[in-house]
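Given the sequences, and given the hints that come with them, work out the whole structure.
Number of protein chains: 2
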Amino acid sequence: MGYKVAPLARLIEQFERMPGIGKKSAQRIAFHVLGMSEKDAKNFAQCIIDAHEKIHRCSVCGDLTDSDLCPICASITRDKSLVCVVENPADVLAFERTREFKGTYHVLHGAISPINGIGPDELNVKSLISRVAAGDIKEVIMATDPTVEGEATAMYLSKLIKPFGVTVSRLAYGVPVGGDLEYADEITLQRAIEGRQIL
Amino acid sequence: MGYKVAPLARLIEQFERMPGIGKKSAQRIAFHVLGMSEKDAKNFAQCIIDAHEKIHRCSVCGDLTDSDLCPICASITRDKSLVCVVENPADVLAFERTREFKGTYHVLHGAISPINGIGPDELNVKSLISRVAAGDIKEVIMATDPTVEGEATAMYLSKLIKPFGVTVSRLAYGVPVGGDLEYADEITLQRAIEGRQIL
Numbered sequence: 350m351g352y353k354v355a356p357l358a359r360l361i362e363q364f365e366r367m368p369g370i371g372k373k374s375a376q377r378i379a380f381h382v383l384g385m386s387e388k389d390a391k392n393f394a395q396c397i398i399d400a401h402e403k404i405h406r407c408s409v410c411g412d413l414t415d416s417d418l419c420p421i422c423a424s425i426t427r428d429k430s431l432v433c434v435v436e437n438p439a440d441v442l443a444f445e446r447t448r449e450f451k452g453t454y455h456v457l458h459g460a461i462s463p464i465n466g467i468g469p470d471e472l473n474v475k476s477l478i479s480r481v482a483a484g485d486i487k488e489v490i491m492a493t494d495p496t497v498e499g500e501a502t503a504m505y506l507s508k509l510i511k512p513f514g515v516t517v518s519r520l521a522y523g524v525p526v527g528g529d530l531e532y533a534d535e536i537t538l539q540r541a542i543e544g545r546q547i548l
Numbered sequence: 350m351g352y353k354v355a356p357l358a359r360l361i362e363q364f365e366r367m368p369g370i371g372k373k374s375a376q377r378i379a380f381h382v383l384g385m386s387e388k389d390a391k392n393f394a395q396c397i398i399d400a401h402e403k404i405h406r407c408s409v410c411g412d413l414t415d416s417d418l419c420p421i422c423a424s425i426t427r428d429k430s431l432v433c434v435v436e437n438p439a440d441v442l443a444f445e446r447t448r449e450f451k452g453t454y455h456v457l458h459g460a461i462s463p464i465n466g467i468g469p470d471e472l473n474v475k476s477l478i479s480r481v482a483a484g485d486i487k488e489v490i491m492a493t494d495p496t497v498e499g500e501a502t503a504m505y506l507s508k509l510i511k512p513f514g515v516t517v518s519r520l521a522y523g524v525p526v527g528g529d530l531e532y533a534d535e536i537t538l539q540r541a542i543e544g545r546q547i548l
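Residue numbers (our numbering), protein chains in the order written: chain A, 350 to 548; chain B, 350 to 548.
No false leads were slipped in.
A pair counts as met if it fits within one copy or between any two copies, since identical chains are not told apart.
As a list, the in silico BS3-like pairs of lysine-lysine whose alpha-carbon atoms are at most 25 Å apart:
| id | residue 1 | residue 2 |
| --- | --- | --- |
| 1 | K373 | K451 |
| 2 | K372 | K391 |
| 3 | K429 | K451 |
| 4 | K403 | K373 |
| 5 | K372 | K403 |
| 6 | K475 | K451 |
| 7 | K487 | K511 |
| 8 | K388 | K403 |
If you're looking for bench data, these hints aren't it; they were derived computationally from the structure.
Right under this line is the structure:
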C-alpha cells in the first residue's frame, strides 16, 4: 500500500532506492524529512545538487574531489612512489582510517567483470598505466576486493605493470575472503598492508 | 575520520541525521547519490523541496495531504461517524494496510508527555473536540501507541470526549505493549480493532 499523497509517495520512493533501506525505513526517513524546518530541507536538497555539481574525479588518482587534485595527491607529505590501487572511493576512506598508509591511491571505480560487461576500458586503468610509465612509482599495491572480480583485476593489472620494472604487491589475506573491503576494520586493514606479498 | 571533500562530507552528514542510519550506511548512501545521473539527483532534490512545499495538514483530521482535505476525509465511502485517533501519520498508513478499517482518522502529531514539555496545546486536540462537538461522531477509537504517554493521552482525551455522549473505545491489547505502533503487522492491528473495549 503506497501513501496516497503524491509528493510524499515520491519522496518515500526516492529513499526506497537507496542501498540498505527497506520500505518501512524509507517511510520513516521521509516523515523525518517532512518534519525538518523549511531551511533544513532546502539545505538538504542543495547538498545533493552541490555534491553532484562540485564533485568530480581527481586528475591523477581518480578519487572523488572538488578541486583538480584530491587532498592526498596534492599533499607534499604523502609518498608518491607507493600507489595503492582500490576499486572504490569508499575503499580510500577505509585505508585512511588506519592512519598508517602514507602512500597515494589509484581508484579504478569498479573491477573487471565480464559477466556485467565491465572490461579494463570501463575502468580507470589507462591513467594508472600512464602514472607507472612516467617512472616515479616504485611499488603498486593491489588492494582490490578479495572477490573473484577483485582477484582477476589484480592479476590483470599486475601483468600490465610488471614490465615497467615496478614492484607489484597484493594485500595480505588479513582481509576476510568474500567480504566487502569498505567494511573491513582498521586493524585488519593495517595487518593486510604490513603483510603484503610480492607478486 | 570524515571525508576531506567538503560537499561529500556535508552530504554524508545529512544522511547520518536520518533515523536508523549509521555512519557507514550514510557513507554508502551518499556514494549512491553521487553515482546517480544528473537528472535523477536533481529530481531527488526537487522531491524533498516539493514534499515540503506541497504537503500540509488536512483541515479536518490533521493527516498530511497536498489538498485541503486528505483522501480519507474527502472520500464518500468512509464512515464519518467513526474516528480513529492516532499519534502520527505513519500510524494511519499502518491501519490502512489492514484494509479493514472503514472509518476516518484524527492525527494528534504526538502524545502528551510532560517530561518533554508536550501538553494538549502542542497537539492537534482542539480540532478533535470541535469534530466531536459538531455532533456527527458516534464513536472515537483511541489508537495512540501502547506506551505510558500514549495511554495517558488516551485517558485524557476520553475524559474530554465522553461528556458529549460519544462512545470512546481503546484498541485491544493485541498490539505488543511498549512497542511502536507503526511497526505492528496487519493482522495484529486488525485483531486490535475487532477487540476494542468500551472505556
